[in-house]
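2 protein chains.
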Amino acid sequence: MWTFDKIPVERIKAATGVTLDPAWLDAAQASAVRLTNGCSAGLVSGQGLAITNSHCVADCAQVLSTQEDEDYARDGFLTDGRDEERKCAGVQAEVLLTIIDVTDQVRAAVVGKSGRDFLRVRDGAMAVAELAACGMDQTLRCQAIGFFRGGQYKVYKYRRYSDVRLVFAPEIAASAFGGDPDNFNFPRYAFDVAFVRLYVDGKPASTRSHLEWRDAPPVEGEPTFVVGSPGSTERQLTVAQLETQRDLVLPVTQLQRAEVRGRLIQFGREGTGEARIAAQALAWVQNSYKLGVGKQAALNDKAFMAAKRADEDALRAKVAADPALAAQTGAAWDEIAQAQHAAAELFVPWRMLESGAGLGSELYYYARLLVRAAVEREKPEAERLPEYVDARLPLIERKLADTPPADPALERIYLEHWLLKTRESLGVDSAPVKALLGRESPEAVAEALAKTDFGDPDMRMALWKGGLAAVQASEDPLIRFILRTDPVAREARAAYESQVSGPTDIAAEKIAKARFAVLGDSVYPDATFSLRLSYGKVAGWEERGRAIAATTTFAGFYDRVTGAEPFAAAPRWLEAKDRLKGDTVFDFTSTNDIIGGNSGSPVLDAKGRLIGVAFDGNLPSLGGAYGYDGATNRTVSLSAPAILQALDKVYERGDLVSELTGR
Amino acid sequence: MWTFDKIPVERIKAATGVTLDPAWLDAAQASAVRLTNGCSAGLVSGQGLAITNSHCVADCAQVLSTQEDEDYARDGFLTDGRDEERKCAGVQAEVLLTIIDVTDQVRAAVVGKSGRDFLRVRDGAMAVAELAACGMDQTLRCQAIGFFRGGQYKVYKYRRYSDVRLVFAPEIAASAFGGDPDNFNFPRYAFDVAFVRLYVDGKPASTRSHLEWRDAPPVEGEPTFVVGSPGSTERQLTVAQLETQRDLVLPVTQLQRAEVRGRLIQFGREGTGEARIAAQALAWVQNSYKLGVGKQAALNDKAFMAAKRADEDALRAKVAADPALAAQTGAAWDEIAQAQHAAAELFVPWRMLESGAGLGSELYYYARLLVRAAVEREKPEAERLPEYVDARLPLIERKLADTPPADPALERIYLEHWLLKTRESLGVDSAPVKALLGRESPEAVAEALAKTDFGDPDMRMALWKGGLAAVQASEDPLIRFILRTDPVAREARAAYESQVSGPTDIAAEKIAKARFAVLGDSVYPDATFSLRLSYGKVAGWEERGRAIAATTTFAGFYDRVTGAEPFAAAPRWLEAKDRLKGDTVFDFTSTNDIIGGNSGSPVLDAKGRLIGVAFDGNLPSLGGAYGYDGATNRTVSLSAPAILQALDKVYERGDLVSELTGR
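If you're matching them up, the sequences are chains A and B in order.
The letter at position 210 of the first sequence is residue 231 when you use our numbering, and the numbering goes up by one with no holes.
The letter at position 348 of the second sequence is residue 369 when you use our numbering, and the numbering goes up by one with no holes.
Calculated from the structure, these hints are not laboratory results.
Keep in mind that the hints are not guaranteed to be accurate.
[Said to hold, decoys possible] Have a look at the derived ranges for each label pair, beta carbon to beta carbon:
1) A:Lys455 to B:Ala36: 35 to 45 Å
2) A:Lys455 to B:Ala568: 16 to 26 Å
3) B:Ala568 to A:Ser135: 28 to 38 Å
4) A:Gly292 to B:Ala589: 28 to 38 Å
5) A:Gly292 to B:Asp450: 25 to 35 Å
6) A:Gln349 to B:Asp322: 33 to 43 Å
7) A:Asp450 to B:Asp322: 15 to 25 Å
8) B:Ala422 to A:Lys472: 50 to 60 Å
9) A:Glu91 to B:Asp450: 32 to 42 Å
10) B:Asp322 to A:Ala44: 52 to 62 Å
11) A:Gly541 to B:Asp322: 49 to 59 Å
12) A:Asp158 to B:Gly566: 47 to 57 Å
[Unchecked claim] Among the chain A residues that face chain B by a calculated CB cut under 10 Å, a handful are:
13) Gln277
14) Val449
15) Pro453
Where is the CB? At the ideal position from N, CA and C, for every residue including glycine.
Full structure from sequences and hints, please.
Here it is, written out as structure tokens:
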């Protein structure tokens, strides 16, 4: 997961035999797209066409299904041509232009700061750096990002596309064939591809830089390069932090996911309408849940933790042996361990009241964003919560204008679940729970909140423009609830920031500096949803003595079809069986190091041509959140030849095939 | 949790100042009732009347609600007199007569046995001992029980009452006031009491031995004695076993509970009928879930585990220092640790396919019992699964005859959940999952199975009498499914028994012997749902520097009422407010060491008089599964005076008051 300002060209050459020259890297960067819904994509034509995954546009497809009998998420969004391309609300596309190092100015700002103050000043300095780089230019997006847990700060400057339209997404029976059971599994037979198009001023964007499509299939052993924006890894956490993840964060989160999963499954049984409403939400929860299972398994693995401990001990020993370094690093590891004791008390209130408040309710999330922005805008910048400084307000306004519609039944489930779990975990008699519920039950409060009009964009924009006065005058139940209960959320946040995340981030910076001093920058930073290059090769792996081949074929897909969900093939695919070549490589695995956020990343060959689109990792790769193991961690991709053939023979989209191949 | 054949009278005198003479102990034993649904009770009149908890008879109350508008579980089972007492299907009552030591004969039988063979022979020898003690006398029940993880074997011989009728149970708003949020909490205001009556030949049983009711309330500091049958503790597990509980058994179980809890909550939202159906099931799952949270918290507590490790190290050091003991104990701890490695692979298949198969489906449980009994009865005794030897068949027949009715909607939820989780945890491509599902989905298989007629007692008894031929000829979908899939369950069991539970039990016996040799029998054995005496005193505790008082009052109850579930008082209680004395002690806590199974246990004073009925533990007591901490673990009981006053003033049951007080 190398950043584009620090590609280890020699190392890659040694490992793969391929020399990535500046032209190769520039072309890859210029074709790489970050979608603001948390996915990656790649430009594949000069008319703004980008390839990504179907699961990355599922929300969009569902939102576009406005007619009673339409279900684009289930049935696919299968346009006949460019006129039918439709805008995905809330999704923006970003292409990286430059990377600006702002480490010195951020570090200078925080000198002598501690606890919450450190976080506020640091985030403020980052916002200032963003504004300096982009100004108020709406065609640009600047994002300041901390790397190496505070070892470096960079501004990533992007070309911003705010009009992203859905071009093509297959039926869920094809894109998610195998469903949750096959998720993170291999052999795999998922056609998880979609196309979107970037528009500027109502016309397809002109994108001269784009990827060339390769006809030949991926071959076992050939070098592969994944270009995309991995979301988040935690490989530089200390052992004390990993233990908190293992014993507290993951268990609490997983239990809540399991319960809401049960609710969504059962809700979906109530009728076909409910099943449709529940489908996307359930897929999301199941995916998160399985990810959590993989992460928990990695941390429960005693050998894995022992290796982490050994790494940490080795670094600490080197630091201790160097008096200057020891003086500068101080008791950083102990400070982090100390913060974990505080986390044992403060994590759950922080999660339930602040960071995870609403537990899935979209409207709660956006309504709080609006209410807080209204409150914070009244204050001088220096006193605001850092995410509401002036430089950040335009993005908040866009978010509110673009808030995707939320289903009231789901909203009620999420809100009720949130309030029940908050009461359960903080206790009936705790002050926050009394503030949230008063003398009401969680069920009654959730029912009342779900009646909010916040789903209405006009209402939101009126409140945004009206500022604090309008917000305070609102009679909307959700707005009133947030106004009334926000103090307890802010209190939980203040406690957590001053005793956990503040001290942790300060100490992590010290450790990052020590690590640089000892190891140099021979390692790449944790993933931060910023553009990265991962090199690897097409390869299977061995699982309990059994060899897993690196590729599957169309023929294998038809063998796996049982007719029962989620192993029922789409009718269109059954009908096309004889027109497809059985030995075509369908999905394949490679040793590239990726993580959630990389979904939709183009997979390139030695010449920079597209050979596939990454859509998943294998089960062992889920522990990759904490550390990459080349022996077993695999990226799962859909091959470019399979896409072309299916577009042609299954979906009869000769127009897209022509656009992609230039033929 | 002392057994009645080993009451440490001197120790109790030293601790409490009370001398428990043989008359006291005999009277307590003769009044103590074990209910076969997993609860305790106490005889409180000469006409077979027994006190227990309302939550212990909730299933019975629900089953008795046959009319559309009846909901005894919600509204209470409030008879007007003895004519209206109604039989609880499937519930039997047992009063302990004698305890017979059979250690030598069981030990002799297993000499030289290992693995599965050890388990089979041991269980067989226990069944033989039962038969020898009770014969086929239907008024007796003999149960062979291993104590100290195999250090001792005893036959508990009970007088058996098969006709247990429900006399009185209050509304759930009273019995479970505070609901899940207040469960395991204190201060507490639950009126969790019920009365049942034992019948013989259609008439109330004559029960000369019964408890005297005390008028005066429990007083802070006074000695308390809880007499009941705690279900199960695991205090003698090795550290390796505790780690398996912490990292594998509890997490897997809790996640499944959380998901099914979500399903039941959502199912209950579909309508009032569904809400009623879901209520008991949900209460059960929530209770188990909260218990699991407490157990997990104990095992995640590093200080707790360090103390366990220190105890184990101390015992191992003493064993190592004694060559004879060392030779006899061998590598027992290492053998158990080795078995844990096997458990890492084998626990989940064993749980999903064998020990927890059906995950809550009553009909699956009973149907498999019947199918297996039919298969096993065809074999010579020595080749059968040990639970199907001749001595055990009458109990199985009674269970099948008395199987409580199951709701088809719940059955479908449980079965679907089970099949989904089995597929998820074992994998789509695993042989057992292929055997369970074939080419069908879990949803379709569950739907088909839920159409079983196994809920019909005539059908069950016809199959029981018809034996294997009838079972094999059955076209019932559940019976056919079990016949078809039982081999994979047996295989998972065989693997688990030969590599995990067999070796573990053999090694545990060695450790038990070593512990006796080093410590004598100065400790009581782990709970085994056998009669125990726990001594303690009325006492509160301190929580994060805050003192929790030992008693609550009626006045406090009315203060806590909010009107919103689960803090809405029953109308009858609101109406009676002025007739109740506000300062009456309602619930109280004491230092007695109890665990699930003790629910419904009489709480006695120094003179052996009834001062309350135990119904819960506090939150810290949940870790009591692994070790009792006298500083914080508390039993929660409902006071005898509160019961009498409410029977009189709230429920107007002067007849019961007279029967209880003899006035």
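Verification of the hints:
1. The beta-carbon spacing between A:Lys455 and B:Ala36, approximately 40 Å, falls within the hinted interval of 35 to 45 Å.
2. For A:Lys455 and B:Ala568, the hinted distance range of 16 to 26 Å is satisfied, since their beta carbons lie about 21 Å from each other.
3. Look at B:Ala568 against A:Ser135: about 35 Å separates their beta carbons, and that is inside 28 to 38 Å.
4. Between A:Gly292 and B:Ala589 the CB atoms are about 31 Å apart, so this pair conforms to the stated range of 28 to 38 Å.
5. Hint check: A:Gly292 to B:Asp450, Cβ distance near 32 Å, so the stated range 25 to 35 Å holds.
6. In this structure, A:Gln349 and B:Asp322 meet the distance hint of 33 to 43 Å, their C-beta atoms being roughly 35 Å apart.
7. Taken as a hint, the range 15 to 25 Å holds for the pair A:Asp450 and B:Asp322, whose Cβ atoms sit roughly 23 Å apart.
8. For the pair B:Ala422 and A:Lys472, the beta carbons lie near 52 Å from each other, so the given range of 50 to 60 Å is met.
9. Remark: the range hint 32 to 42 Å for A:Glu91 to B:Asp450 is upheld by a beta-carbon distance near 35 Å.
10. Separated by about 59 Å at the C-beta atoms, B:Asp322 and A:Ala44 satisfy the suggested range of 52 to 62 Å.
11. The given range of 49 to 59 Å is broken by A:Gly541 and B:Asp322, whose C-beta atoms sit roughly 41 Å from each other.
12. Between A:Asp158 and B:Gly566 the beta carbon distance is about 56 Å. The supplied range of 47 to 57 Å therefore holds.
13. For A:Gln277, the interface hint holds, the least distance from its beta-carbon to any beta-carbon of chain B being 8 Å, beneath 10 Å.
14. The beta carbon of A:Val449 is positioned within 10 Å of a beta carbon in chain B (closest approach about 5 Å), and the interface hint is therefore held.
15. Here the hint on A:Pro453 is broken, as its CB sits about 14 Å from the closest CB of chain B, past 10 Å.
In summary, the structure is inconsistent with hints 11, 15 from the numbered list given earlier, while agreeing with the others.
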